[in-house]
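Q: Once you have looked at the hints, place chain B on chain A.
Number of protein chains: 2
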Amino acid sequence: MTVQVEAILRGERRAVARLLTSVENGREGVDETLAALFPHTGRAWVIGVTGSPGTGKSTLVNALTQAYRRQGHLVGILAVDPTSPFTGGAILGDRIRMRDLAGDSGVFIRSMATRGSLGGLSKATRDAARVLDAAGFDIILIETVGAGQNEVDIVRAAHTTLVVEAPGMGDEVQAIKAGILEIADVLVVNKADRPGAAQTVRALRTMLELGHPTRQAGMVGHHGRLMAVETQLAADDGMWLPPIVETVASDNQGMDGLITAIGQHRQFLSQGERRSALEQGQFSIEIQERLRDTLMERLLRQLPADALDGMMGRIQSREIDPQGAVETLLSQIIFTPLAP
Amino acid sequence: MTVQVEAILRGERRAVARLLTSVENGREGVDETLAALFPHTGRAWVIGVTGSPGTGKSTLVNALTQAYRRQGHLVGILAVDPTSPFTGGAILGDRIRMRDLAGDSGVFIRSMATRGSLGGLSKATRDAARVLDAAGFDIILIETVGAGQNEVDIVRAAHTTLVVEAPGMGDEVQAIKAGILEIADVLVVNKADRPGAAQTVRALRTMLELGHPTRQAGMVGHHGRLMAVETQLAADDGMWLPPIVETVASDNQGMDGLITAIGQHRQFLSQGERRSALEQGQFSIEIQERLRDTLMERLLRQLPADALDGMMGRIQSREIDPQGAVETLLSQIIFTPLAP
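These protein sequence lines map, in sequence, to chains A and B.
Using this note's numbering, the first residue of the first sequence is number 4, and each one after it goes up by one.
Using this note's numbering, the first residue of the second sequence is number 4, and each one after it goes up by one.
Calculated directly from the structure, the hints in this document are not laboratory data.
Heads up, a few of these hints could be off.
Identical copies look the same in the list; a pair holds intra-copy or inter-copy alike.
Stated by the list, open to error - No farther apart than 25 Å at their CA atoms in a straight line, the calculated lysine to any residue pairs in the SDA-like style are these:
#1 LYS126 / VAL33
#2 LYS126 / LEU281
#3 LYS126 / SER334
#4 LYS126 / ILE323
#5 LYS126 / GLN256
#6 LYS126 / MET315
#7 LYS126 / THR331
#8 LYS126 / ALA70
Just chain A, with the same shape it has in the complex (with noise of 0.2 Å):
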């Protein structure tokens, strides 16, 4: 085991910091020390939390890592931004707001941004969570910026995810976030104390029933109280309906009922095979994607360098077709299954 791996496996903030910054960087010899950590993954509790800019995401992360720091844990969290830097500027200012975190050992914050492919930005989170796993953070948030579908992709990689809503956004949102419903484990509805909170409550509850039409979601108060164990019913009969969660993140208000909520999600996952379905639904999901990638990569490898752009020139006379283009290409290589 490197020197690097061990301090990792101790914690230590720095070894922590750089190899996270190799991460995000795709730097060499990556892919080793991330083979070493592996085993020694696979503990945290994974929470993925989307939603729209303005529904005020990272107050949430912020309550949240605090109320779990009340309970002892160890939190990580991943910022993550897939958007353009024309749209860039506004994770900076949640960062500034994020700095009473950063004076606890006890938390790890790094934001990730767009550095080439947002297929890179996704393996490169997935990556960065087993190092924070490694380390030995039991709970890590992955928040992402925006919700649309690259902020799912990214979320996929949680056991647990939160969508984030708050009164006032309108129908035309609504009707925009209707996609990220389906990823949602536990609804958060956050700003509850603005005017408009409890007919957004309705409008997810009415979308939910759409969604499951023969029962009721279960709700949580921002004061944490249950307002009802619909949860608990549907997680007999092998469906998990998500909670709606109310919330003041900017006051501390509704983080128990949130943290009861997410428990329950993982209560949920823990029975028979439920979590290791999850796991390898992730596995397969990521396991095709660097396949694809390193075959990619390889062909590109093999091709004669001038092999695609002499191809292109072709194919904008119109003498060769896309696919064609493709078929000749790649019957310049053989593949060869070895012999079992």
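A: Quick look at chain B alone, frame taken from chain A:
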């Protein structure tokens, strides 16, 4: 040349419809037909139309189609829905609204929904546009349901991309959509007769100016008069600055201005190597996607059936890490470049 290919080239509707179904379902033999049609493509102007639900995209596509028809163009419409069944209802209503175009033999409308992967949908849409192109439709409108990353990927196949906005969608929505402004060649503020239209135009203008700090955006009022001609100035120094066009599509207002703006962008692209560079970039993305997919398909055919499943178990027990698993799987295959 097969009978089918000849029928498509003559623009026979039933042959076109049948081939589009085959394209959507990825039926066997479709690659050969597409290859035979490919030399007859490249004549149509492909216009992507994206924007959040509620901005009136379908009505706009409807009105724009009628305006192009009055100019004698043949118009193909691909209405693409990359969302899941959970949110899939909206497009049906849109299709019903489009019925007033259905009697016109100079218009061909086709809805395309997600079957299988999103990558598959983006490929099918590109192929469908080529079929319509070969069939003689010289204006092709690709309309998406929402405004997420998937929609962005889909409209990336267009020559000119319209991003549609509407008044009164609030700041939150503006923030969400900042990312898609980058792909806009023309910004359309639809429902421009509603309160708040001027603010929406101002907000878009501000966002554009943030992206292009040295100049102001061109604007076209919804009665079709040019309110500013910075567009042309922008073109002069090699940059395209998206003009903002106001429309009231439900009243057929602003269509002339919109067609003018699209025409200006077409003119801009036809200068020098711009169009060729755009298409080369698009073909390059397409080839890489097709290479990736074809490679993966062949690899999975070469690997023993249980190789992937077996690896999954070893990953879950932390016996091997994901990248290690990929390397092991690929070590079972030899790539040999053919001698040149």
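Q: As a check of your reading, is LYS126 near ALA70 (CA-CA no more than 25 Å) within one copy, between copies, both or neither?
A: neither (29 Å within a copy, 46 Å between copies)
Q: Are the CA atoms of LYS126 and VAL33 at most 25 Å apart within a copy, between copies, both, or neither?
A: within (13 Å within a copy, 34 Å between copies)
Q: What label fits LYS126 with MET315 when the C-alpha limit is 25 Å: within, between, both, or neither?
A: This pair counts as between: shortest inter-copy Cα distance 18 Å, intra-copy 29 Å.
Q: At 25 Å max between alpha carbons, let me know whether LYS126 reaches SER334 within a copy, between copies, both or neither.
A: between (30 Å within a copy, 22 Å between copies)
Q: Given identical chains, is LYS126 near ILE323, meaning Cα to Cα at most 25 Å, within a copy, between copies, both, or neither?
A: between (35 Å within a copy, 17 Å between copies)
Q: Up to 25 Å between alpha-carbons, please classify LYS126 paired with GLN256: within, between, both or neither.
A: Intra 34 Å, inter 47 Å, cutoff 25 Å: neither.
Q: Tell me, please, which holds for LYS126 and THR331 at an alpha-carbon limit of 25 Å: within, between, both or neither?
A: Between. Shortest inter-copy distance 19 Å satisfies the 25 Å Cα cut-off; intra-copy 31 Å does not.
Q: When Cα atoms must be at most 25 Å apart, do LYS126 and LEU281 count as within-copy, between-copy, both, or neither?
A: Intra 18 Å, inter 29 Å, cutoff 25 Å: intra-copy only.
Violated hints for the displayed structure, listed by number in ascending order: 5, 8.
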